[in-house]
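Colleague: Below are the chains, spelled out letter by letter.
There are 6 protein chains.
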Amino acid sequence: MAEDMVLIAGSANPELAEEISKKLDIALHPLEVKQFSDGEKYVRIGKSVRGTRVFVIQPTSPPTNDTLMELLLIIDALKRSSAKEINVVVPYFGYSRQDRKTLPREPISARVVANMIEMAGAHRVITFDLHADQIQGFFDIPVDNLETTLLFADFLLDKKKKDVVVVAPDVGGAKRARRLARELGAPIAIIDKRRMGHAEAEAINIIGEVEGKFAILIDDMIDTAGTISSAAEALKKAGAKEACIIATHALFSGDAIEKLDQDFISMVGVTNSVAIAKEKRFKKLEIISIAEILAGSIKKIYEGTSMGEFFEALQEKIEKKK
Amino acid sequence: MAEDMVLIAGSANPELAEEISKKLDIALHPLEVKQFSDGEKYVRIGKSVRGTRVFVIQPTSPPTNDTLMELLLIIDALKRSSAKEINVVVPYFGYSRQDRKTLPREPISARVVANMIEMAGAHRVITFDLHADQIQGFFDIPVDNLETTLLFADFLLDKKKKDVVVVAPDVGGAKRARRLARELGAPIAIIDKRRMGHAEAEAINIIGEVEGKFAILIDDMIDTAGTISSAAEALKKAGAKEACIIATHALFSGDAIEKLDQDFISMVGVTNSVAIAKEKRFKKLEIISIAEILAGSIKKIYEGTSMGEFFEALQEKIEKKK
Amino acid sequence: MAEDMVLIAGSANPELAEEISKKLDIALHPLEVKQFSDGEKYVRIGKSVRGTRVFVIQPTSPPTNDTLMELLLIIDALKRSSAKEINVVVPYFGYSRQDRKTLPREPISARVVANMIEMAGAHRVITFDLHADQIQGFFDIPVDNLETTLLFADFLLDKKKKDVVVVAPDVGGAKRARRLARELGAPIAIIDKRRMGHAEAEAINIIGEVEGKFAILIDDMIDTAGTISSAAEALKKAGAKEACIIATHALFSGDAIEKLDQDFISMVGVTNSVAIAKEKRFKKLEIISIAEILAGSIKKIYEGTSMGEFFEALQEKIEKKK
Amino acid sequence: MAEDMVLIAGSANPELAEEISKKLDIALHPLEVKQFSDGEKYVRIGKSVRGTRVFVIQPTSPPTNDTLMELLLIIDALKRSSAKEINVVVPYFGYSRQDRKTLPREPISARVVANMIEMAGAHRVITFDLHADQIQGFFDIPVDNLETTLLFADFLLDKKKKDVVVVAPDVGGAKRARRLARELGAPIAIIDKRRMGHAEAEAINIIGEVEGKFAILIDDMIDTAGTISSAAEALKKAGAKEACIIATHALFSGDAIEKLDQDFISMVGVTNSVAIAKEKRFKKLEIISIAEILAGSIKKIYEGTSMGEFFEALQEKIEKKK
Amino acid sequence: MAEDMVLIAGSANPELAEEISKKLDIALHPLEVKQFSDGEKYVRIGKSVRGTRVFVIQPTSPPTNDTLMELLLIIDALKRSSAKEINVVVPYFGYSRQDRKTLPREPISARVVANMIEMAGAHRVITFDLHADQIQGFFDIPVDNLETTLLFADFLLDKKKKDVVVVAPDVGGAKRARRLARELGAPIAIIDKRRMGHAEAEAINIIGEVEGKFAILIDDMIDTAGTISSAAEALKKAGAKEACIIATHALFSGDAIEKLDQDFISMVGVTNSVAIAKEKRFKKLEIISIAEILAGSIKKIYEGTSMGEFFEALQEKIEKKK
Amino acid sequence: MAEDMVLIAGSANPELAEEISKKLDIALHPLEVKQFSDGEKYVRIGKSVRGTRVFVIQPTSPPTNDTLMELLLIIDALKRSSAKEINVVVPYFGYSRQDRKTLPREPISARVVANMIEMAGAHRVITFDLHADQIQGFFDIPVDNLETTLLFADFLLDKKKKDVVVVAPDVGGAKRARRLARELGAPIAIIDKRRMGHAEAEAINIIGEVEGKFAILIDDMIDTAGTISSAAEALKKAGAKEACIIATHALFSGDAIEKLDQDFISMVGVTNSVAIAKEKRFKKLEIISIAEILAGSIKKIYEGTSMGEFFEALQEKIEKKK
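So the sequence lines, in the order shown, correspond to chains Z, P, D, F, A and C. Going by my numbering, the first sequence opens with residue 1, and the numbers climb by one from there. Going by my numbering, the second sequence opens with residue 1001, and the numbers climb by one from there. Going by my numbering, the third sequence opens with residue 2001, and the numbers climb by one from there. Going by my numbering, the fourth sequence opens with residue 3001, and the numbers climb by one from there. Going by my numbering, the fifth sequence opens with residue 4001, and the numbers climb by one from there. Going by my numbering, the sixth sequence opens with residue 5001, and the numbers climb by one from there.
Don't take every hint at face value.
Stated by the list, open to error - The following residues of chain Z were derived to be distant from chain C, with all beta-carbon distances above 12 Å: (1) E147; (2) D170; (3) G212; (4) K321.
To be verified - Incomplete in silico selection of chain C near chain D, CB under 10 Å: (5) D5004; (6) V5049; (7) G5051; (8) K5079; (9) G5121.
As the list claims (entries may be wrong) - Pairs of lysine to any residue residues, derived as SDA-like cross-links and limited to a Cα-Cα distance of at most 20 Å, are as follows: (10) P:K1320 <-> P:F1155; (11) P:K1047 <-> F:M3307; (12) Z:K280 <-> Z:E15; (13) F:K3175 <-> D:T2102; (14) P:K1047 <-> F:Q3315; (15) D:K2259 <-> D:I2287; (16) P:K1300 <-> A:D4004.
Simulated from the structure, these hints should not be mistaken for laboratory data. All C-beta atoms in this analysis are idealised placements derived from N, C-alpha and C, irrespective of residue type, glycine included.
Whenever a hint applies, use it, and build me the whole structure from the sequences.
Modeller: In structure tokens, the structure reads:
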């Protein structure tokens, strides 16, 4: 890479940043980050970025308000230090679930966040598996929303499971399940948790065939793991042979680990878009690194070439495995 | 209504505007609309709107580019004529399907349209059953996205059908189907048209039970009717007893009518969000008017009260019917 | 040209784009343009434009609303695909006649269009012979408004006519006539169609001498040809020997051809800023290509040099002919 | 007028402001204006304007940079003091002649000024007889561009002159001359000063009949009076019987008075859009007040009614005089 | 107050909001605030705010990133719910100390925050004793920066101390000290902690007379209390008789209480701009409520009258005490 | 320097621009500047700037409104001529003292000016010793606020004075005095002019020791020299041995020279940020050129390297002198 490229890591996921840095063979640019005792963040770019093209790596993962504020201050510092181009790599995009009004008088928090990032001075966002594709349209700047479908297909095909069914843990996840199912050549099923009438108790209904099958539960993120663990339970009741879980973003808040670490679930696969603390790395957890995809994307963006080839190669690799 | 309220109708759906005007008991404000022989639109507000609160009724229905441009010129004319508040009533929102990048190097056309409307000077958008809820977040101004679920539930309950299943014609429509199903107290099914492997022929797969049932196919819009008619066919093959179609926006382009007017489909219910030409009103078509909801919403907005009551009343009515 | 230059043609005038492409010796970049059966436009850039400097060729000629929308979607797609610079070549600028309020409560449509282009993400506009020079000021981005005066002078001097008078078909065109007249070393006359009193019939009055002369009627565009053909008639009545018409933009809408193809008019010269359908190319029509000027301008802009020399060379050539 | 109306006068034309204040029967709101010894302006609103609708009267007349800056500071002070609505009355709009690029690498100064006024926080501009109508389109806020044609027609009809011809002092003024001529029922002529060839001396050419007539030279403004006085001379040579001059804005800079105060010119009529110093009020000068039109417009804007009636009444009055 | 006024309290300082609500005799509007287990904030306005003028009370006090995000989401929800006017009452403005670059490549965090609040949709900010007055200029919307000087003077005069000197704990606080000193009729002194040469140890230097005096140390905020407690120590060494501390914002982070609760300091007076936890309310602490000033200001803003009278009354009261 | 660098000088300080031009060994780019007889400015860039990186040198010094307007027009011309980057070098920033509201209903003029410069199209501002550091935060674009402290320390150390005290002429200048004092290794004193009670006469009070010392009065600018000359007088009365004055910006308006040219003041040192007319260059005046710092900064910005080294070298030089 030429010398006008700068790679900066916020404090949210230093491990991922290190990995990317190694793959690109570019040292991380010095950055000072502090949190004062009153909770305010302070950042300072360690050396000149005048005229450079900067890539900031900072998922806005929990504590989201802190990591987001830190990101904004980094962008502002870069802008005021005359960086030529500010590319923001946000593998996990906080507040993405608040992407529409589901009830009157709610905010659209994801748009608020998009505005904040854009107005702070970012020129481009690179992100991963947005909760809804439409969030790209919350920005007026280019957004590269990288997908994990192929990455997951590649990972799962290696497991050589048979009689597979891809299961969406709720109706909203049907499209995501379908995308993965297409790559695996598998059917889909959907969990539909609801009350049939307003007076009746909530019932879990499974649409599609799961009996005797190896069920792959897929979601974009695991937060408290409530939805996905009760989905697993429903699958078990419905006679599925075994279940594994695959998800892009591992927030693991509350007692998520406890809920996930149950017998029926044979494996939980997540990416490292969010830093996973040591104490949350339980035995069944498998971490799929996105560092290579990110490094590749950053390279492509820097060189001004298309990212298509990258995914085409991955696609081919998958086809061979099938 | 007080005298500072103005109701203006663009040329896209004068019939709906008339209906609203009657329900509100306010005459439509004079507006001159012309299309020159070279295709340019010309508009002129017929009399003063200084200091008034205006509601412009104009779905951006086909020919979308013309109706959209007309809407923008009306907004600009209102703004430059010192209208105090410009509320844009767009029952059908053109380009809403282009709401994200599905392939690299596509535009996000729905955001382009949102920007155009916002920048022309609109202060609020009232629309109906957006293709994706997230489009609300394409705007920085308030968007009232009215839903047709209750309207449809009310309409369908009157049909007193039994053994009903609500069917989404594709995976993306699962949430919409589920919303209606909840009101009807019915189960859902999903049509999943796809190739299982990349080499195989396309197959239509139905997830969920439909045999011997009365199937209600629901979608947000009917354009060429390709998806929905092949979904109906699939239902027939799968042994459904009968099918009806319900959709908010009736674009009916190409040979849509031909495709819809088949034996297995017993009824097609649509709203008047888009003006439906006489020659497209075939026998099985039932038109559900949204004029009352729109008039009610306009009234609530003008008076500064909540629209919640309106839908609560509708909800109650439905509960009684069940 | 270096490899970071991209030339893209919308669907409005592919022939002109081809000509420019040849003169610059750069192949047109692949672009997919579709119009769905409901009238919505769809565009997709065919291959990567990351980091490139793009020139989009698209006059917003009739059907203006469609060609304009297409242009905006192309700009948005380019912006979201991380093009470095988006130069918009709009040889004919639709809605340019609606550039001011002539009556209360009209829009200023040309400003609406300017806002749309600017906000979609264009960085520079290259256009031709704007209806009013002031439209440049509707933009906050650079506008190169190329003039056809020298091109026309060059073309007309070759005709070696004597006793020439340059005639403006209405009072608003006096300045345009004067600019050409100066280059030709000819006097001017002005057609003034109006009612002398509010009760009297409309009369056509010619200010200046035309008797026995070869009249060159000049206008910026020919739309329905109403004004210009009745101007020709008036010249005939006033004893002019012969008339020819010269205009930059050939919209030729309605029965324009019929009106123009009359005995007294010996020649109609127009540019190819707007694509002219085969059936509208009548015998007396002569088409003056602007491809060379556009190719030259694009080259100058790309290289960051002044466009002045270009026009100075043309000026010199004209001086010699005189 | 209700109590939420505030009338404020900058220091540029206190006399006009006083006149308007009297006609509206509203006292001028206290405003402190200072110019420090280093040339910086200082303003302070004298008492609360919270929630009020303000009309600021300040032509940006010479010294334009000072009066303009003062206007911007007043707007900012009003905005930060929470005025509800800021209407800017700028009877003379400085920099309006720099409304387009006539040579490469010039600014479009009128747009710069428009941006400044809009961005400072003005909500509406009321101005008079803009140099070009298109300047309205430099703003995104409403602009009321009041015309003096009827005022001048009314004034001139009272002079009861016969054999009148309205003369534009240059080609660019043809439209303005025509507008007045239409009201007076008179023909027009145009002065065309230019070189026929590039080597020849400049010649003044008159297009149209003026011999033996009473010539009314009309322009939008008189600055150094160079153009208009040489036009008068040309008319004299061409045998016109007598000439008078009518113009909206009396800048009278340089030795304008000297040039205007010549025998052949029988009268010079101007408005009080710009404050005219005592020493510049020569004998032949007649000042037509625009205070009534402005007061009327302010009233209409405040009340939210149309300004049409106002001009219709004036039109009728003129018709009767003819 | 009329019915279109709405008072909303974020979760940062409910006690202060309650006090204001009582003084204004307006119930707080229902607002749901949640913090999910992953740290994301969720807000929802409890009932309609259409067309109302809202005052949101939310200091962005520690945890600043959380309280700030909550504020932004409330503003967005209000905006999208069509509130007519959004007034943001931020008694303590987080990040106000990061108001300029003191080292290269720092952000200007206070401006980032200002942009966020403005762009979220706030129309006006009411705040207290900003760290620097210039922060008002970070906004383009009106900012009411209320001062505590008179409040403190009133409070301190009641203590009836003699031989008073007002002391700034650092050079940057000289102006603040002077403002209070003027009201008390007392002299000032300034603590200047610094190294005389780059090699020497840090020395605390007192500029002005303090020996034998009652020293009032004043600052805008007490965070970790480091500066102010070492200032107190310096005063003790320099022979001051006694010291009290007065400050507007009581952040009390880290071991602030411990540092403040020392013998030499006889009293610590702070306002309730920030909620002070029970365990931090030590014996010498006196809390001066700003609820009355805030309630008064809100009333004045709502009624559209000047806030001047309010402070004039306070001024008079002080004059009498002296 | 490479060929895409352009250096342009407005008319405010041609001498400084010449000096910078020589140090950078780059000829000044041709620029036409005129002031019409009515006071309007006219500018035109003399030759192409397409694709270049431009540095405009123009302090907005008196007559500020004229120099500021000229600067804005130059920026607009550069923007419309497609300059790639517009860097604005404003060594003296007019209106910087009006940087906050000190009384209700004042504007924040410095923010108005910042908005004007930013919106005209500037990409970066290089300025000197802003009245308040916070003014940087009035911009969203990078601002390099160069300091004169080291320059002054270097200059003063050469004078080899003993028993030095650095004196701030008012409380607001305490920080500036302290910064210089630190470099000189000297103590500070502060002049505090005020009324002790509201009824008493104004008294000048000196905080800190000055008796028998060589006092260096420091300020950011000398306008009418009122404050600083009365401070000098106070120092004399208080027994200071001698006083010199040092200030960055020499406005010298009103009778400043007279006030400064008194016995007790041994020297007045100012920079050439503002052009100083010949007749104002009195004997005791010493002018410290900032051309080298500016040339160095421009070079660093152009090359995309840090400006830190520059000041570090200066710092070292000073350390040696001490």
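Colleague: What are the numbers of the hints that this structure violates, sorted from low to high?
Modeller: none
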